[in-house]
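Since the structure of chain P is provided, determine the placement of chain Z on it from the hints.
Heads up: the protein sequence lines correspond to chains P and Z, in order.
For reference, each letter of the first sequence is one residue, going 13 to 126 in the working numbering.
For reference, each letter of the second sequence is one residue, going 61 to 178 in the working numbering.
Watch out, some of these pointers could steer you wrong.
Keeping only pairs whose Cα atoms sit at most 25 Å apart, straight-line, the calculated DSS-like set for lysine-lysine is [stated by the list, open to error]: (1) Z/Lys98 x Z/Lys63; (2) Z/Lys76 x Z/Lys98; (3) Z/Lys76 x Z/Lys175; (4) Z/Lys175 x P/Lys23; (5) P/Lys69 x Z/Lys63; (6) P/Lys83 x P/Lys69.
Heads up, incomplete: computed chain P residues facing chain Z, CB under 10 Å, no partners named [what the hints assert, rightly or not]: (7) Gly15; (8) Arg43; (9) Gly54; (10) Glu56; (11) Thr59; (12) Tyr60; (13) Asp98; (14) Met101; (15) Ser107; (16) His113; (17) Pro119.
Please keep in mind that the hints were generated in silico from the structure rather than gathered at the bench.
Quantities reported herein were computed from a predicted structural model and do not represent experimental measurements.
Think of the CB as a built atom: it goes at the ideal place given N, C-alpha and C, for glycine as much as any other residue.
So the chains spell out like this:
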Amino acid sequence: DTGVSQDPRHKITKRGQNVTFRCDPISEHNRLYWYRQTLGQGPEFLTYFQNEAQLEKSRLLSDRFSAERPKGSFSTLEIQRTEQGDSAMYLCASSLAAGSHEQFFGPGTRLTVL
Amino acid sequence: AQKVTQAQTEISVVEKEDVTLDCVYETRDTTYYLFWYKQPPSGELVFLIRRNSFDEQNEISGRYSWNFQKSTSSFNFTITASQVVDSAVYFCALSEGILTGGGNKLTFGTGTQLKVEL
Numbered sequence: 013d014t015g016v017s018q019d020p021r022h023k024i025t026k027r028g029q030n031v032t033f034r035c036d037p038i039s040e041h042n043r044l045y046w047y048r049q050t051l052g053q054g055p056e057f058l059t060y061f062q063n064e065a066q067l068e069k070s071r072l073l074s075d076r077f078s079a080e081r082p083k084g085s086f087s088t089l090e091i092q093r094t095e096q097g098d099s100a101m102y103l104c105a106s107s108l109a110a111g112s113h114e115q116f117f118g119p120g121t122r123l124t125v126l
Numbered sequence: 061a062q063k064v065t066q067a068q069t070e071i072s073v074v075e076k077e078d079v080t081l082d083c084v085y086e087t088r089d090t091t092y093y094l095f096w097y098k099q100p101p102s103g104e105l106v107f108l109i110r111r112n113s114f115d116e117q118n119e120i121s122g123r124y125s126w127n128f129q130k131s132t133s134s135f136n137f138t139i140t141a142s143q144v145v146d147s148a149v150y151f152c153a154l155s156e157g158i159l160t161g162g163g164n165k166l167t168f169g170t171g172t173q174l175k176v177e178l
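Excised from the complex, chain Z in its bound form:
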């Protein structure tokens, strides 16, 4: 069965520090997608990125970057020069069954609470 582990429950940093959020996943599928979502205090989940299992290229979007390593089943998320507005809970998620019509349901980790202080 699929599983997503986010071992860091809470991280506190000072503004402008870089911070990396870890995500480790388990799946038997060879074709799958990985996601990161942000959940600010308002509660609505905001999609950040999708990565498919065939593409191990790292991606950068502004201050955000993602490191996907299939060999270690990890999909880590780095925020460079963190800001107070980055304070939120961040979820890593896995979607399986892409080729078998599994419906793309998401399996989420337990989330990492990021607090960025002045």
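In isolation and in its complexed conformation, chain P is listed as follows:
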């Protein structure tokens, strides 16, 4: 049984470019979460999906951010027109929808915007 995987692990981009990250959750988990973590801080919630439905988005998720989970399995997080303030670790987590509330995290994608 594999855990949550994320790709790429590191991304360096220039300001203004678009980037896309992928998350593959644990196979039987129907909830998928995205968080962002900056240096010295705890992860902050961005958005979550139950199956393919995006049920909640944080105010942190500006219009430049979009997330999808088209078939209820993997998810993508796209950032358009990146800014230096977008530099952070983007974490994906998954959980079962009912009964279990533990979220299992992937290794994260570290984004650096130059």
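For chain Z alone, kept in the frame of chain P given last:
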């Protein structure tokens, strides 16, 4: 709104010492979950424990123990006989809206960096 406070930014101990990491939370919900996660230098968050708001029993797992006190809104974590491998950042987190379908999103504290030295 929910909030988690970890007042200890960094703690340094010598191996075999006991160490307690503090966590204080704020919530208006009567039903919620509390968590501890470990983030080693590799960066991946590792789940340690979940505690629901109805269960104030303390829990022990090997060298780890947790003290949940609803009266003081605290959920402290103690490592007994610390080891170098315990060096990591530890996060306390809160999940609300269990009964109202809040999605179980986690609100994290800012973390406590634990350094265990020989």
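So, going through the hints one by one against the coordinates:
The hinted pair formed by Z/Lys98 and Z/Lys63 meets the criterion: a straight-line CA distance of about 19 Å does not exceed 25 Å. A threshold of 25 Å between alpha carbons decides the hint, and for Z/Lys76 with Z/Lys98 the separation of about 19 Å falls inside it, so the pair holds. The straight-line distance between the Cα atoms of Z/Lys76 and Z/Lys175 is roughly 12 Å, inside the 25 Å bound, and the hint therefore holds. Distance check on the hinted pair: Z/Lys175 and P/Lys23 sit about 29 Å apart at the alpha-carbon level, beyond 25 Å; violated.
Taken as a hint, the P/Lys69 and Z/Lys63 pair is honoured in the structure, with Cα atoms around 18 Å apart against an allowance of 25 Å. Taken as a hint, the P/Lys83 and P/Lys69 pair is honoured in the structure, with Cα atoms around 19 Å apart against an allowance of 25 Å. Interface hint at P/Gly15: satisfied, since its Cβ lies 9 Å from the closest Cβ of chain Z, which is below the 10 Å cut-off. With 10 Å as the threshold, the beta carbon of P/Arg43 comes within range of chain Z, its nearest partner Cβ sitting at about 7 Å, so the hint holds.
About 3 Å separates the beta-carbon of P/Gly54 from the nearest beta-carbon of chain Z, less than 10 Å, and the hint is met. Proximity of P/Glu56 to chain Z holds as hinted, the smallest CB-CB distance being about 7 Å (cut-off 10 Å). Interface restraint check for P/Thr59: the shortest CB-CB distance to chain Z comes to about 9 Å, inside 10 Å, so the restraint holds. Annotation: P/Tyr60 was flagged as interfacial toward chain Z, and the flag holds, the nearest CB pair being 5 Å apart, inside 10 Å.
With 10 Å as the threshold, the beta carbon of P/Asp98 stays out of range of chain Z, its nearest partner Cβ sitting at about 18 Å, so the hint is violated. For P/Met101, the interface hint holds, the least distance from its beta-carbon to any beta-carbon of chain Z being 7 Å, beneath 10 Å. A hinted interface residue such as P/Ser107 counts as satisfied when its beta carbon comes closer than 10 Å to some beta carbon of chain Z; here the least separation is about 7 Å, so the hint holds. Against a cut-off of 10 Å between C-beta atoms, the interface hint on P/His113 holds, since the closest Cβ of chain Z lies about 5 Å away.
For P/Pro119, the interface hint holds, since its Cβ comes within 10 Å of a Cβ in chain Z; the closest pair sits about 5 Å apart.
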